[in-house]
Amino acid sequence: MPETPSKPAPAAGAPAAPAEVHFTVNGHTLAAAPGTLLIEACRAANIEIPSFCYYPKLSLQAACRMCLVEVEKIPKLQTACTTVVAEGMVVHTETPTVHAARKSAIEFILTNHPLDCPVCDAGGECELQDMTFRYGAAVSRFDEPKRHRDEQQWSPVVYYDRPRCILCYRCVRVCGEGMDVWALGVGNRGILSTILPNHQDHLECEECGMCIDICPVGALTSGAYRYQTRPWEMQHVGAICAFCGDGCKTTLGVRNGVILRGDNRDKNGINGDFLCVKGRYGTDFTRHPERLKSPLVRDASGELRPVSWAYALETITDRWRGIQAAHGQFGVIGSTRCSNEESYQLQKLARRVLGTNHVDHHRSADFPALFDALAQPAGAAAQPLPQLADSGALKTAKAVLLVGGDPTQEHPLLAWNLRWAHRLAGASLYVLNRRDIRLRRQARRMALLTHGTEADAVRYLAAPQRGDPPQAELTAVSPPGDKRWPQTPPSTPQPIPGGLEEFRAELAQERDVIIVFGPELTGDAVQALVRFGASLPGHTRYIAMADNANSRGAADMGLYPDLLPGYLPVADGAARAHFAAAWGGDIPAAPGWNQRQMVEAVDRRELDALYVVGANPFRLDPVNAANLKSCFLVVQDLFLTETAQAADVVLPALSLYEKSGTVTNTCGEVQSQRRGGSFEGAKTDMEIIHALARLLGADFGRPDADRVFSEIRAQVNGYDVSLVQLMAGRGALAVPRDGAAPRQAAPQMIRPNHDSLFTAGTLGRYSATLNAVLEKHSRP
Amino acid sequence: MSVFSPATRDRFERLAASYPQPRSALVPMLLYAQDELGYLPPEAIAEIAALLGETELAVREVIGYYSMLRTAPAGRYHVQVCTNISCMLRGGEEVLAHCQRRLGIHNRQTTPDGMFSIEEVECMGACAWAPALQVNYDFHQELDPAKVDEILEKYRRQG
Ligand code: SF4
Ligand code: SF4
Ligand code: SF4
Ligand code: FES
Ligand code: FES
Numbered sequence: 001m002p003e004t005p006s007k008p009a010p011a012a013g014a015p016a017a018p019a020e021v022h023f024t025v026n027g028h029t030l031a032a033a034p035g036t037l038l039i040e041a042c043r044a045a046n047i048e049i050p051s052f053c054y055y056p057k058l059s060l061q062a063a064c065r066m067c068l069v070e071v072e073k074i075p076k077l078q079t080a081c082t083t084v085v086a087e088g089m090v091v092h093t094e095t096p097t098v099h100a101a102r103k104s105a106i107e108f109i110l111t112n113h114p115l116d117c118p119v120c121d122a123g124g125e126c127e128l129q130d131m132t133f134r135y136g137a138a139v140s141r142f143d144e145p146k147r148h149r150d151e152q153q154w155s156p157v158v159y160y161d162r163p164r165c166i167l168c169y170r171c172v173r174v175c176g177e178g179m180d181v182w183a184l185g186v187g188n189r190g191i192l193s194t195i196l197p198n199h200q201d202h203l204e205c206e207e208c209g210m211c212i213d214i215c216p217v218g219a220l221t222s223g224a225y226r227y228q229t230r231p232w233e234m235q236h237v238g239a240i241c242a243f244c245g246d247g248c249k250t251t252l253g254v255r256n257g258v259i260l261r262g263d264n265r266d267k268n269g270i271n272g273d274f275l276c277v278k279g280r281y282g283t284d285f286t287r288h289p290e291r292l293k294s295p296l297v298r299d300a301s302g303e304l305r306p307v308s309w310a311y312a313l314e315t316i317t318d319r320w321r322g323i324q325a326a327h328g329q330f331g332v333i334g335s336t337r338c339s340n341e342e343s344y345q346l347q348k349l350a351r352r353v354l355g356t357n358h359v360d361h362h363r364s365a366d367f368p369a370l371f372d373a374l375a376q377p378a379g380a381a382a383q384p385l386p387q388l389a390d391s392g393a394l395k396t397a398k399a400v401l402l403v404g405g406d407p408t409q410e411h412p413l414l415a416w417n418l419r420w421a422h423r424l425a426g427a428s429l430y431v432l433n434r435r436d437i438r439l440r441r442q443a444r445r446m447a448l449l450t451h452g453t454e455a456d457a458v459r460y461l462a463a464p465q466r467g468d469p470p471q472a473e474l475t476a477v478s479p480p481g482d483k484r485w486p487q488t489p490p491s492t493p494q495p496i497p498g499g500l501e502e503f504r505a506e507l508a509q510e511r512d513v514i515i516v517f518g519p520e521l522t523g524d525a526v527q528a529l530v531r532f533g534a535s536l537p538g539h540t541r542y543i544a545m546a547d548n549a550n551s552r553g554a555a556d557m558g559l560y561p562d563l564l565p566g567y568l569p570v571a572d573g574a575a576r577a578h579f580a581a582a583w584g585g586d587i588p589a590a591p592g593w594n595q596r597q598m599v600e601a602v603d604r605r606e607l608d609a610l611y612v613v614g615a616n617p618f619r620l621d622p623v624n625a626a627n628l629k630s631c632f633l634v635v636q637d638l639f640l641t642e643t644a645q646a647a648d649v650v651l652p653a654l655s656l657y658e659k660s661g662t663v664t665n666t667c668g669e670v671q672s673q674r675r676g677g678s679f680e681g682a683k684t685d686m687e688i689i690h691a692l693a694r695l696l697g698a699d700f701g702r703p704d705a706d707r708v709f710s711e712i713r714a715q716v717n718g719y720d721v722s723l724v725q726l727m728a729g730r731g732a733l734a735v736p737r738d739g740a741a742p743r744q745a746a747p748q749m750i751r752p753n754h755d756s757l758f759t760a761g762t763l764g765r766y767s768a769t770l771n772a773v774l775e776k777h778s779r780p
Numbered sequence: 781m782s783v784f785s786p787a788t789r790d791r792f793e794r795l796a797a798s799y800p801q802p803r804s805a806l807v808p809m810l811l812y813a814q815d816e817l818g819y820l821p822p823e824a825i826a827e828i829a830a831l832l833g834e835t836e837l838a839v840r841e842v843i844g845y846y847s848m849l850r851t852a853p854a855g856r857y858h859v860q861v862c863t864n865i866s867c868m869l870r871g872g873e874e875v876l877a878h879c880q881r882r883l884g885i886h887n888r889q890t891t892p893d894g895m896f897s898i899e900e901v902e903c904m905g906a907c908a909w910a911p912a913l914q915v916n917y918d919f920h921q922e923l924d925p926a927k928v929d930e931i932l933e934k935y936r937r938q939g
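Same order as they appear, the protein sequences are chains A and B. Under the numbering used here, the letters of the first sequence match residues 1 to 780, in that order. Under the numbering used here, the letters of the second sequence match residues 781 to 939, in that order.
Think of the hints as simulated: they come from the structure by calculation, not from any bench. Bear in mind the structure is a predicted one, so any value in this text is a computation, not a measurement. Be a bit skeptical, because a hint or two may be false.
Claimed, not checked - Selected chain A positions facing chain B (Cβ under 8 Å, derived; list incomplete):
| # | residue |
| --- | --- |
| 1 | Gly-187 |
| 2 | Asn-188 |
| 3 | Gly-355 |
C-beta: ideal position from N, C-alpha, C; glycine also.
Take these sequences, add in the hints, and give me the full structure.
Here is the structure:
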């Protein structure tokens, strides 16, 4: 397989390569950097060159011959996808010879193609259909019968129809080079060639669907979507994936309010081409039969009974008013999958209306500790923190240090970007982990800890003179550029005498390192990491990995007992005054209870009311059912979770895909989305919060995401992001500013889910597709 | 547990070590493996993949590409009849038809006793003595039906 030509490094002493080469295409003079492929240079100049097998950033294949062009002084037509521009080159792309070649290429590709567009899933968004229409001939000279093969199901997600396959090998390349899974191959030869799955008659892989997405025709189709609809019958709505913390843009295909698929047809989100199995197929939780369709109130016999919205809301506010009158204690637990606007309004409801700082969410990364560590010395003018990296920065990073976590499983987009940097930019990846994670295959050096924790190792790196190094086996792996690694790890770990000292010495040679760290680091270990990062040459930047779609937003919006939005300490009078002025009322001064303390208070019968929004705290902190009797529990969610089953009132909420608003990914990129699907009977969390506030005599205004986001932009540190960038569908990095007081970290409250590719906390249980894939059950 | 004899296993290890990229040894290894086992069963594919640090899929891709590599057993005597141009002009197709009649099997089939199998192949480089056939690694050339009968009989007697 030919490799993507890289720009040749000029030999020492050789004259420097020219910055640009000039050439002519159809009479226009063009310029491009040396090494540019002709097809890219033409496309950049809006000159169309049809292609099938060419795909940017994958190795070159030159299999389809669709891109043939005439180059003067070369007698035969040349494939533009493998021709590198050269000084003085004269190219013609619209001559009779080229037209005839395209016609023949299509005719040849169609030799065995069934042209069953009317029943094919790809019909309407098929590159072959478009090209046949534009360049093809009306008749074929092949009159032999077409070879037929039955369709094959390779997994619940991936189906293969050999007759439609045009053998462009994009699927093989994206699975191998892009995903580093290497689950697809090519069997046989010539006209008998076929795509093969790695287990002969089925696939065992990441089920990401990248192969399906990249297939230019309908040869690979998705079990979750096939035969359900046609592309032109759906609305295509840009949304943010509701699963992990990476915040991929996914384009929902919606028909009559029902979300039929997630895909990324316009490829303009922060994730470019990428989506993982959850973003692509997990959307079916919105159609799960157990979804709550009406509010439920526990009646005298102890049963949860369906009631009207008005009745449910009044039941809640009547009880809450009674508890307020008796000076009872309120607790509020927010969500890591609600929008920023909803989290912001929820903590406002808690602090300003219910008068409590007992506010928390399920934490999975110690963001306060990171911002505390990055805070500038007291007295310095408040400045944006320049030390945060967005997800795209990983693609062009020179060096990355990954501490803890397992991005391949828990942060698939970050893992994709890291593999990208390794493959296309030759980045050096350093991995420090207790587990032998899969990204070792891309690592320049891995420190596999045999004793101690990542936190111990980081403390040692930051201050080696203090204490003995935790023992590590350092594993050297193949240098970047060896692209065809097998499934099995390339080498067995070998202890290296220098241990962590050597690891540190190598890192000290790098510049501009991006440090990505997992939930293993909390509190002072994060401080130590930042001290170590500051000792590295160049400009060190950081990414903290948190579990869910809006874990970062929940933290930024102040779903903490001790922190207001923007990480301002609740104990700080000035910070309180700022928000009291914005919200038109006082905020209690004493920091409140965290999630576990709230649940413990329930057990001590000291919490009188608990309001849980889009969270399942009793899964982590089980509560004694008898003690719940003295706590009025309201749960608002999509499903009857463990926590909802214990509630006095249950309110059906809409999912992230069914609302407008903004979410912030784990790196801090804020993205906005519009409502995709709809669901009869449920309301958005914001509508519910606003209705409750109104019944309690507080006016939160219209439950309109744009209006609340304006308030957030004005009031919350770092959220005065560019609206233009948001509206263009890109992520705008929110950089919380330096705060005044040290943050009160509660490291023991960082409790990551350790989701795999196929699980997603409570939500993942309700996706039929995620549950159906074999690997969910066969992999640890 | 290896499916190969110790000698073959040794040979594989030497082969794998003699190229800058171990996978360069794949085609010769597959040929030796097939010589020893008669075909390439899944266990052999798995063992070779592990030896080279390749995926089984990558090994299967190569097997599928080369028509002389097979994943199902052939007869003890694998009769490969050339019908490419020189042989065709000199009666190669009649030789093939005769073999099929004589052995009572079609192309790519094996006799019930497992003794013979037939495969129609492309040029084997014996054009100067066309028509030619090859039984395992032995060449037989300038054939006519009588000569074919004699050859087949000789192998049958060998058992
Ligand atoms: S679903 Fe993903 S991992 Fe599986 S074969 Fe396709 S590209 Fe490879
Ligand atoms: S299955 Fe699709 S992507 Fe793969 S080779 Fe065939 S046409 Fe190309
Ligand atoms: S990587 Fe994360 S955000 Fe992206 S599609 Fe997968 S689960 Fe969704
Ligand atoms: S795009 Fe150039 S040969 Fe396929
Ligand atoms: S054509 Fe038969 S051996 Fe060459």
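Results of checking the hints against the structure:
no.: 1; hint: Gly-187; verdict: 4 Å, holds
no.: 2; hint: Asn-188; verdict: 5 Å, holds
no.: 3; hint: Gly-355; verdict: 62 Å, violated
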